[in-house]
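Below, each chain spelled out in residue letters.
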Amino acid sequence: MTGKIPITKTYKLFIDGVFPRSESGRTFSVNNPKGELIANVSQASRKDFREAVRAARSAQRPWASKTAYNRGQILYRVAEILESRKTEFVELLKSIGVDSKAATREVEDSIQRWVWYAGWSDKYSQVLGSVNPVSGPYFNFTVPEPTGVVGIIAPTEPSMLGLISRLVPAIVSGNTVVVVSEGHSSLTSVTIGEVLATSDVPAGVVNILTGDQTDLLPWMVGHLDVNAVDISGISPKTDLTLLEEAASNVKRVVARQVNEESLELISDFLEMKTVWHPIGK
Amino acid sequence: MGTSNSKDGSGLEDFGIDYASAIESTSLVNIKDKYGLFIDGDFVDSSSGKSFKTLDPSTEKSLSVVTEASPDDVDRAVRAARASYEKYWKKMPGADRARYLFRIARHLQERSREFAVLETLDGGKPIKESRDVDLPLAAAHFFYHAGWADKLEYAFPQRKLEPHGVVGQIIPWNFPLLMAAWKLAPALACGNTVVLKPAETTPLTALLLAEVIKDVDLPPGVINIVTGAGETGSALVEHPEIDKLAFTGSTEVGKLIQRSAVKRNLPLTLELGGKAPHIIFEDAALDQAIEGVINGIFFNQGHVCCAGSRLLVQESIADYFIDRLKKRIELLRVGNPLDKNTDIGAINSKTQLERIDQLVKVGIEEGADVFKPSCSLPENGYWYPPTVLTGVQQSHRVAREEIFGPVLVVQTFRTPEEALEKANNTPYGLSAGIWTEKGSLIHWMAERLRAGVIWANTFNKFDPTSPFGGYKESGFGREGGMHGLAAYLKNNGGRS
Amino acid sequence: MKMPTSTITFGKTGSPLKVIPVDAVSLEARASSLATRSIKTNSKRAALHLTIRCMDLTTLEGADTPEKVASLCQKAKRPDPSNHDVPSVAAVCIYPEMVHHAVEATAGSNVKVASVAGAFPSGLSTIKARTADIADAVKSGADEIDIVLNRSAFLAGDEQRVFEEIVASKDACGEAHLKVILEVGELGSYDKIRQASMLAMAAGADFIKTSTGKIPQASSLPRVLCMAEAVRDFAYQTNTPVGIKAAGGIRTAKQAWHYLVVIGETLGTDWLNPEMFRIGASSLLNDVLLQLKRLDSGSYSGPDYVTVD
Chain C
1 MTGKIPITKT
11 YKLFIDGVFP
21 RSESGRTFSV
31 NNPKGELIAN
41 VSQASRKDFR
51 EAVRAARSAQ
61 RPWASKTAYN
71 RGQILYRVAE
81 ILESRKTEFV
91 ELLKSIGVDS
101 KAATREVEDS
111 IQRWVWYAGW
121 SDKYSQVLGS
131 VNPVSGPYFN
141 FTVPEPTGVV
151 GIIAPTEPSM
161 LGLISRLVPA
171 IVSGNTVVVV
181 SEGHSSLTSV
191 TIGEVLATSD
201 VPAGVVNILT
211 GDQTDLLPWM
221 VGHLDVNAVD
231 ISGISPKTDL
241 TLLEEAASNV
251 KRVVARQVNE
261 ESLELISDFL
271 EMKTVWHPIG
281 K
Chain A
1001 MGTSNSKDGS
1011 GLEDFGIDYA
1021 SAIESTSLVN
1031 IKDKYGLFID
1041 GDFVDSSSGK
1051 SFKTLDPSTE
1061 KSLSVVTEAS
1071 PDDVDRAVRA
1081 ARASYEKYWK
1091 KMPGADRARY
1101 LFRIARHLQE
1111 RSREFAVLET
1121 LDGGKPIKES
1131 RDVDLPLAAA
1141 HFFYHAGWAD
1151 KLEYAFPQRK
1161 LEPHGVVGQI
1171 IPWNFPLLMA
1181 AWKLAPALAC
1191 GNTVVLKPAE
1201 TTPLTALLLA
1211 EVIKDVDLPP
1221 GVINIVTGAG
1231 ETGSALVEHP
1241 EIDKLAFTGS
1251 TEVGKLIQRS
1261 AVKRNLPLTL
1271 ELGGKAPHII
1281 FEDAALDQAI
1291 EGVINGIFFN
1301 QGHVCCAGSR
1311 LLVQESIADY
1321 FIDRLKKRIE
1331 LLRVGNPLDK
1341 NTDIGAINSK
1351 TQLERIDQLV
1361 KVGIEEGADV
1371 FKPSCSLPEN
1381 GYWYPPTVLT
1391 GVQQSHRVAR
1401 EEIFGPVLVV
1411 QTFRTPEEAL
1421 EKANNTPYGL
1431 SAGIWTEKGS
1441 LIHWMAERLR
1451 AGVIWANTFN
1461 KFDPTSPFGG
1471 YKESGFGREG
1481 GMHGLAAYLK
1491 NNGGRS
Chain S
2001 MKMPTSTITF
2011 GKTGSPLKVI
2021 PVDAVSLEAR
2031 ASSLATRSIK
2041 TNSKRAALHL
2051 TIRCMDLTTL
2061 EGADTPEKVA
2071 SLCQKAKRPD
2081 PSNHDVPSVA
2091 AVCIYPEMVH
2101 HAVEATAGSN
2111 VKVASVAGAF
2121 PSGLSTIKAR
2131 TADIADAVKS
2141 GADEIDIVLN
2151 RSAFLAGDEQ
2161 RVFEEIVASK
2171 DACGEAHLKV
2181 ILEVGELGSY
2191 DKIRQASMLA
2201 MAAGADFIKT
2211 STGKIPQASS
2221 LPRVLCMAEA
2231 VRDFAYQTNT
2241 PVGIKAAGGI
2251 RTAKQAWHYL
2261 VVIGETLGTD
2271 WLNPEMFRIG
2281 ASSLLNDVLL
2291 QLKRLDSGSY
2301 SGPDYVTVD
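Protein chains in written order, with the working numbering: chain C, 1 to 281; chain A, 1001 to 1496; chain S, 2001 to 2309.
Just so you know, not all the hints are guaranteed correct.
Said to hold, decoys possible - Below 16 Å or equal to it, Euclidean Cα-Cα: the simulated EDC-like pairs (lysine to aspartate or glutamate) are: (1) K2214/S <-> E2186/S; (2) K281/C <-> E1447/A; (3) K281/C <-> D1283/A; (4) K1438/A <-> D2191/S; (5) K2192/S <-> E1437/A; (6) K281/C <-> E1417/A.
Claimed, not checked - Over 10 Å on every C-beta distance to chain A, these chain C residues come out as not near it, computed from the model: (7) S24; (8) K34; (9) R50; (10) I96; (11) D99; (12) G119; (13) V195; (14) P202; (15) T241; (16) E260; (17) H277; (18) P278; (19) K281.
FYI, nobody ran anything at the bench for these hints, they're computed from the structure.
C-beta: ideal position from N, C-alpha, C; glycine also.
All chains should be modelled from the sequences, with the hints used to inform the complete structure.
The structure is reproduced here in structure tokens:
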């Protein structure tokens, strides 16, 4: 009787393209609706967060320097991989308590949302940028640029659609992200990390830290090398005075409703640059 | 296949180091003996039974037999497009239309080498170009427009957008597959169905694309392809059931089409000929400007509507520049288009070759000096060497008429105003090139040049995100970018 | 024939030289397209032999000893002990202290002795010390001298000084030929590479060379193309042909082939010989030898079948 005992999966952090355990050695447990253990998941510490930000920062310039077309292609291919792993994701969602029909729906919506945002890579600057008719002999244009490193608190519900709704609009323009994912949604997040690890998305563009929101939020909000934070996924119990530290480096703080397909989610993480050049012989 | 390489001037052969024999294999292309028309999702015969041959212009050998669509066939195609529009395409959400376009893009990427070889065989352009320019751009065009299909309200906010319905499209022989992509992608993204007529000398890549259309399960009738020549084209133009027409080709034919369309108030876009000025200022990065000029006129054998066919060089550097240009031209390799080292391929057809030859003779009669390099040309096939006509004045025919071949005419200017005056003094207005290191001058010239596409310190650059189209007799309407979508939507708010 | 009107740099004969700007995007695109040239199989052997004949086999380490230099020189004379058809390389390139060892070890062959000199690789000692270093190397028997451009003065805008230093170095060379290393990786732009090239040629360099090999930023196809265009233009304006040496980071025969194409198509076949073109390398030689073995035997060879130097 060999091979019949399932090999249980280990869920670790996803930093700089690889899957390390937390330097703290801690884990937290994730159970199914019946209370049975599904997995012990690595619990990220502030030091893991620090490393993740470093990885995100080094990856940011190269990611933003790729052509828009290239980024779009890379992200579109992620959608192709998600599509091929559809069944796996449906089963995963079911295991954490989502009913079958809703799980299928969520996975299909997630893939569609990924495709929708990937298609923006070579278009948003046409819609959001402009040539400005200044009064004087100057060519003046406004062009959007990615803000840099973005911290994301992933929503716990819905675990797949919620994360993807925050993640893809941030990275499509060239930002890199550090995601904090709590509770049972961490299983989905890490699985998405696996998809990313086997895709053409370069290491460090997306980093996923499974762990406690309350633990990590202050470090995210206070980190001087994080340019923006997306706190749409914070739990309602969160003490909002924690957010004050964001002012330490004038972070962009974004909180929006989860279920939206909208250009605003891309523009949340863009900076507008305006350039002047004289016109003359 | 074809003849061996002509000797070029690089002389590397003297060292026993030769380029050549980097011939791309034709084994991956499976050309059928005969092709039908692609109507309502399948290959069908013509009602009239007429057909024509398509040749490889580098050898004059026949590649295949292609069906000629009669007016009845065109009618059949339009009705199939209409039925498909009403039954499938009109109701389909943008996100789903997008999925089909993404699939087509992927297939073009995957079968890119096969398409590139076929394009070179059918049209004569160097494999280096079909592989590195035509195919990647065609795939990119489908990708770009796939992404717009479910985002149109962002391109045209607050408008009640609607596709036209059935669109008739007629494309030329110089970039057969790429022109098909430029036409099909936006039309489908915006929700229209299409009847497409490829050029009669280059039908094969469109017919291979029809195979891809089947493979991706596009609903039947969304895209229909009717091969043929002038009669087929007229039948499509005149058909009372099309809701919009798009044409790329010569200004002469464009005007005829406009006469017909304007009477019926038929929405129309035209992309016609050009005689682009390529302006070189004395402070330019001259080595790169020379490469730019070469690329501007000899890329695709000069069979390019936006070719930089008129060199306008500042008089203070004219002798230097022309001398360097001639030396550079000696290094160009004319020969077997399937050879990866070839720079200049075959002229697309006998008719075109005769036209080029005739116009160059006119130029010489008018008083121009002619320069041709010392390369020898293969015996069979249609070939013309890269040619430069100097001593050309604004009032010469060769400075005004589009030659559409590898022939550069050279004029000079003294000041920016004079360059501008000579550049704009033409009924055409498709493109222009400017070379100078002075940024403000680039903007000053760009602001005043009457052309739809202006290249500064570069030339012949295309991208699906970048709108392309002409002023004046070079046509109207744009392809690519947000502006290119406008042609395929009603109530678009005027961004066309 | 009319010359373009000048933006002045230094002309040895007093006539003005124009330094033409460079567009980086077009330059790099041209270099990429030259790199797609394929070579006929029966021309490969000739190309590989040419590569060897144009090679400067180099060792520039603090740990170089007389025996190390002797080993290098033997390899330079007879790259493949099992095949006497394989030609010698053009030169060996070493530090001044090693020159007399190299002269001894290459005696009786056509292999030249090239020495770096003049506070290589930084160039930052007094001109007096540098010219003395050159003179010593020449006295020891060096046929060729490789010096570095004074980037410190160049980047600080003191072109006059840079020019004079090269003139003085050329004087100190006597009969030996002078290569000026531009250290292209430090100059910051192609415009600067063009300017430095024209400056060095105007001051009397016999060769301009890309790199010292001592910093990570080395030779590249666009940089060599930029220099070749400068050489072409200098020849056009003054009728003086100057040689080019590409050094640093060239490890494979395929890369070497690309450089041959760039030189051949930009300057013509007059430059495709050791008098006008050199490649500074160490591990390249073995890769070329392995390619030659493959041509001979039809199968891929391995590192055990070529010698270490």
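Tested hints:
no. : hint                : in the structure
1   : K2214/S <-> E2186/S : holds (11 Å)
2   : K281/C <-> E1447/A  : holds (12 Å)
3   : K281/C <-> D1283/A  : holds (12 Å)
4   : K1438/A <-> D2191/S : holds (14 Å)
5   : K2192/S <-> E1437/A : holds (15 Å)
6   : K281/C <-> E1417/A  : holds (9 Å)
7   : S24                 : holds (42 Å)
8   : K34                 : holds (37 Å)
9   : R50                 : holds (36 Å)
10  : I96                 : holds (27 Å)
11  : D99                 : holds (25 Å)
12  : G119                : violated (3 Å)
13  : V195                : holds (18 Å)
14  : P202                : holds (20 Å)
15  : T241                : holds (37 Å)
16  : E260                : holds (14 Å)
17  : H277                : violated (6 Å)
18  : P278                : violated (4 Å)
19  : K281                : violated (5 Å)
When each numbered hint is compared with the structure, violations occur for hints 12, 17, 18 and 19.
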